[in-house]
Amino acid sequence: MDAIILQILNGLDKGSAYALIALGLTLIFGTLGVVNFAHGALFMIGAFCAVTLSRILTLSHEVVDETRTDFLGNPLKVDVPYLYDIFGQTTGDAIIDWAVPISILFAIPVMVFIGFAMERGLIKHFYKRPHADQILVTFGLAIVLQEIIKYFYGANPIPTPAPSAFTGSFDFGAMLGFDPGSIIYPYWRIIYFMFAAVIIGAVFAFLQFTTFGMVVRAGMADRETVGLLGINIDKRFTIMFGIAAAVAGLAGVMYTPINSPNYHMGMDFLVLSFVVVVVGGMGSLPGAVLAGFLLGILESFASMAIVLETLPGINQIIIYLVAIIILLTRPRGLMGRKGVMED
Amino acid sequence: MGLTKKDFTLLIIVAVLCLFAPFILNPFPEGSAMAQFNAGYPDLMQRLVIFGIFAIGFNILFGLTGYLSFGHAAFLGVGSYAAIWMMKLLTMNVIPAIIVSVAVAGLFSLLVGWISLRRSGIYFSILTLAFAQMSYSLAYSVLTPITGGETGLQPKYTDPRILDGDLPPGETPRANLFGLDMKDSTQITMGDWVFTFNAGYYVAAVVMLVAFYVSIRIFRSPFGMMLRAVKSNQQRLNYTGLNSKPYTLAAFVISGMYAGLAGGLLVAMDTQVGAERMFWTASGEVVLMTILGGAGTLIGPVLGAGFIKYFENIISKINESILHQWFAFMPDGIEDFLVSMVYPFIGKGWHLTLGIVFMLVVIFLPGGLVEGGQRVARLFKRRKPSSDKPDGKTTPAE
Amino acid sequence: MSNSNFTRRGLIRSGAVAGAAGIALPTYLRADAHAGYLNAPQGDTVTLGFNVPQSGPYADEGADELRAYELAVEHLNGGGDGGMLNTFTSKALQGNGILGKKVEYVTGDTQTKSDAARASAKSMIEKDGAVMITGGSSSGVAVAVQALCQEAGVIFMAGLTHSNDTTGKDKRANGFRHFFNSYMSGAALAPVLSNAYGNDRNAYHLTADYNWGYTTEEAVRSSTEALGWNTVNAVKTPLTATDFSAYITPVLQSDADVLVLNHYGGNMVNSLTNAVQFGLRDRMVNGKQFEIIVPLYSRLMAKGAGANVKGIFGSTNWHWSLQDPGSKAFVQSFGTKYGFPPSQAAHTCYVQALLYADACERAGTFNPCGVVEALEGFEFDGMGNGPTLYRAEDHQCFKDVLVVKGKENPTSEFDLLEIVEVTPVDQVTYAPDHPQFAGGSLGTCNPGA
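Chains as they are written, first to last, in my numbering: chain R, 1 to 343; chain Y, 1001 to 1398; chain Z, 2001 to 2449.
Keep in mind that the hints were calculated from the coordinates and are not lab data. Since this is a predicted model, take the numbers as computed values, not measurements. Any given hint might turn out to be false.
[Said to hold, decoys possible] No farther apart than 35 Å at their CA atoms in a straight line, the calculated lysine-lysine pairs in the DSBU-like style are these:
1. R:K338 with Y:K1245
2. Y:K1381 with R:K235
3. R:K124 with Z:K2169
4. Y:K1006 with Y:K1156
5. R:K338 with Z:K2169
6. Z:K2337 with Y:K1156
7. Y:K1231 with R:K124
8. Y:K1381 with R:K124
9. R:K235 with R:K77
10. Y:K1088 with R:K128
11. Y:K1381 with R:K128
12. R:K77 with Z:K2169
13. Z:K2169 with Y:K1088
14. Z:K2405 with Z:K2337
15. Y:K1156 with R:K128
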């Protein structure tokens, strides 16, 4: 029982990342009709916003420590962050410790700006082009973006820990009446799940309950008619692109303490998120979220030793297998609309 | 040969290009700074034509029917595994290996196509992607006893090979065509130029020409027309009472067999298989080749394949010290500046350059390299209105 | 059927004569007929091929390998401070290149894919006339390129490759490995672990689902079980996995008190980070402190896991904090040139380049068969791992193995590991026909012509 609860938690957690990326992909696809292969790269750039901010916070000057030596036998140069000079060591350390949460504030404007720039500078010219062209150009962009990141940050993963206040784990077992220590879950993963839930809720509320959202939804359903009503739909769609980029970026920022970011993390997620979007049904926001969590949970269950003993290798293929089964039984994925991306 | 004059000219041009590729691809004299850009060595020439075959096959599906398969590398991989097993069990002669690789890839694509073609559009793409990713994951891990997993398969001295006699002790098994070693090369030196003629390359080139000829025939046949009809409006086609599924499935299987053929040839030229051959990026690569060259055109995919493989093999090998040699004639400061400007784009940065080129081509040449050729051709046409070039298809391969 | 092979450089020179005779008459050449081996260096230079990952997840490791090769070339050609040439027990190298020929090199990108690695190695052999290929950062690539070099007839000096198979079932006469292997990791780790954690332990293995993972798991299992440990479970994880939570939570439910992560590179960084996140390090099972073990450490990768590596045992081929003269000389010249200490990948690549050069020098030829003869059974010292033997039976180096632990108080970003024990070579030596290495044969050397 406790094993199953834990795997569900794992699945929800993994699903949150899938769902956030898939949500952004679907927003862009639903509004602009563009298949954005660079969306994984946006997730990656978000993660590197956190890396960049922690680099900025730890900007240092060198102080020579005569008592110690470095690996060549020269006096050791110790890096002292400027923050220490400004706030003193304790406050400075505390700020550096909180780099990841702080970078949320840093990432939003950066990601929205990148989103705008991408849409105005490149994607705009591809609305009328075939999907294959869109895929190719955004794929090219994804390569360029990740190579730029690799040029500046190298290929290795970069550790970006969560604030030390959140590094422990929470004991669900004791709360639910199991043995203490049998169901524990890291704080940061719980935070990630709640964060994802809030973001997803906010995007839905924004689309559902604001005038802006209403217009966008109308535009998704019938772009031409909305345009004929004299509404500048392009401008709103650009803003939606910015929002989608910010959602991907925030998903990336918050993901950094879970796994150290590296330059190809976007590509690692890209294919899976596409599967998620398609399984959810092209153009359906609830479908994307639902499929994200569903595939996350199934993937977690497939990784259990008992399952692997009966079906070796199932953990390698479960997502694709489920995708095939769903697409064969439900022609447009879980909640897809008819006629979208079917030709 | 059942070709129109235009198509025949095109075929002849491609044949001539293939025949003289060792000269065309080696334009720079040995030892000069530009020799870095020479591509006329056996391995790359083989790869250019083999991936050309792969792309031609992919184009039969994508270019004609518009069905975008994202899992074609799986057929190439399956073909390769079939071929290497033939070489391990039967004989090092490439003929059985190639035949079996085409057959196995055909069967596998029949299965995948039969299932995937129940859906269209992006749903179809994801289904093919899912099959390919499953093949890759399993081949890399649990199927290790059959596929060799991470370390792949290579022919070994100890393999049974029932048709071949025992190898002399210590001799490495070599792929051959009735005794003609695929690695056999002859060189001709002309002044500073060295040209290499490789047996394997010419075998692959002949196969490529046959594949190209078959592709022209398919393009011009009623069957090809039917496939184009699927692309332009499948619904209307269905309303006329025609079931398009057998046609698309046939196209799918044919292109799967082309991929298997390419896979078999890869093994024939370089006797090893690794599972990475089936990773989704490999499937993506053939999509890029086709679109980059010009989807739906005859020669486009071959150009695209050549372009990408050239980049991968040539640009990635330029390193910093070579750059310093190039700019050595400049004053020191300018030299360092130029090197630091160019450095991010070459060597380990070759992916960056490739990404930029993709974007530029897609943005400015929607029809791919073929459109580029057409534009150039049109420029000349304006000056000489009488010349009637066949749609820029005469653009020479690099 | 004869296979004619050729060398570009040779042809330029012989071609020059032909050119003088008249360009109009193409010369038909079957090169190397006289030299007797492929890509025989002509003139006053010799070309080596450095085939390292420059793109993909191991690009940083590849970059470090390339730095080491550049340093080796500099030292071979008499530049710099000579590095390990001064401490190497064989004094055949003069600092005037190899056999008096200046060392030049070409580079390529393996992309950590066997196809790409072979394409790149082939272009070095066919286009650039490289007489030796070296480098790489994974066993898949090493095995693929080693097989290629055997077929083509050049020497392959493996870079970082840890799977038993490279010098086990996939060994080749033209291939040599200086790096240690899974078996040695297991043999070196087991006694240290039993000292630190006792003999009554329940181990849970997470294993990367490919050849290297299998051989490492087998090695660690058999050597720890021999000391009384019990293996509770061994679960395979996909290479492409990024989040290991689903594999780690079942550990919480088992009665395991040790987790062995048979992962490398990105997998290792993520699985270790995840394991620490789930509080495994603070866990007590049956009154014993829960422990995590990483059989193969790489400093470059450990950096990605940050503070999570603290106190975690593992093994490594070499570490820059070693105090023998060879290591010190290497760290000194590498550190002076690049500003940071070398990684184990850099070390093994540097040593391989020097060993190759030395073997050519002692053999008096670049002929692969001569080089093979010179390297087989070669004993040397002064290269950082103590007295070392290149065993003739399988072309594997036998030397001391380091057992390391994540450092509690690192003084710099490079100071992540501390050496716990230098396991003497006798303890990690195995018979050439050991079951974990069975099934392959070297064959005979192939000079390619």
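Evaluation of the provided hints:
1. R:K338 with Y:K1245: holds, 20 Å
2. Y:K1381 with R:K235: violated, 42 Å
3. R:K124 with Z:K2169: violated, 56 Å
4. Y:K1006 with Y:K1156: At roughly 48 Å apart (the allowed maximum being 35 Å), K1156 of chain Y and K1006 of chain Y break the hint.
5. R:K338 with Z:K2169: violated, 55 Å
6. Z:K2337 with Y:K1156: Not OK: K2337 of chain Z and K1156 of chain Y at ~43 Å, beyond 35 Å, violated.
7. Y:K1231 with R:K124: holds, 25 Å
8. Y:K1381 with R:K124: holds, 33 Å
9. R:K235 with R:K77: Roughly 52 Å between the alpha carbons, so the hint for K235 of chain R and K77 of chain R is violated.
10. Y:K1088 with R:K128: Answer violated: K1088 of chain Y to K128 of chain R is near 51 Å, above 35 Å.
11. Y:K1381 with R:K128: holds, 29 Å
12. R:K77 with Z:K2169: With a Cα-Cα distance of about 48 Å, the restraint between K77 of chain R and K2169 of chain Z is violated, given a limit of 35 Å.
13. Z:K2169 with Y:K1088: Between K2169 of chain Z and K1088 of chain Y the Cα gap is close to 16 Å, so the pair holds against 35 Å.
14. Z:K2405 with Z:K2337: holds, 28 Å
15. Y:K1156 with R:K128: violated, 54 Å
Hints 2, 3, 4, 5, 6, 9, 10, 12, 15 from the list above are not met by this structure, while the remaining hints are.
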